[in-house]
Amino acid sequence: MSTEDDTKPADKKEDIQDLTECIQTMLQKVQESFNDMGEQLLSKIDDLAVRVDDIEKHIGELMTSVDAD
Numbered sequence: 001m002s003t004e005d006d007t008k009p010a011d012k013k014e015d016i017q018d019l020t021e022c023i024q025t026m027l028q029k030v031q032e033s034f035n036d037m038g039e040q041l042l043s044k045i046d047d048l049a050v051r052v053d054d055i056e057k058h059i060g061e062l063m064t065s066v067d068a069d
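In my numbering, the protein residues as written are 1 to 69.
Derived by calculation from the structure, the hints in this document are not laboratory data.
Among these hints, one or two may not hold up.
As the list claims (entries may be wrong) - Label-pair distances were calculated between CB atoms; the ranges are:
1. Gln31 <-> Pro9: 30 to 36 Å
2. Lys8 <-> Gln31: 30 to 36 Å
3. Lys44 <-> Gln24: 29 to 35 Å
4. Cys22 <-> Gly60: 53 to 59 Å
Nothing here was measured: the structure is a model prediction, and the numbers come from that model.
Each residue gets a CB set at the ideal place from its N, CA and C atoms; glycine is no exception.
All chains, full assembly: derive it from the sequences and hints.
Next up, the structure:
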């Protein structure tokens, strides 16, 4: 009957290395996804800022035209 204690130290070391590589890969993918989402969010915020600026400009123009009347 095989138990955990029967595992050779070399096998345990290899398992730990495999697990470490797997975790590093997973963390890298999570970081890449986080960076992508951050870039998308900043892009949307920039677009929103442009739209707000346009609205402010149009409101200013409307107020000027109302004052002229």
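Hints, one by one, checked against the model:
At roughly 32 Å, the beta-carbon separation of Gln31 and Pro9 lies within the given 30 to 36 Å, and the hint holds. Hint check: Lys8 to Gln31, Cβ distance near 34 Å, so the stated range 30 to 36 Å holds. Take Lys44 and Gln24: their Cβ atoms lie about 31 Å apart, and the range 29 to 35 Å holds. Cys22 and Gly60 have their C-beta atoms about 57 Å apart, which keeps the hinted 53 to 59 Å range intact.
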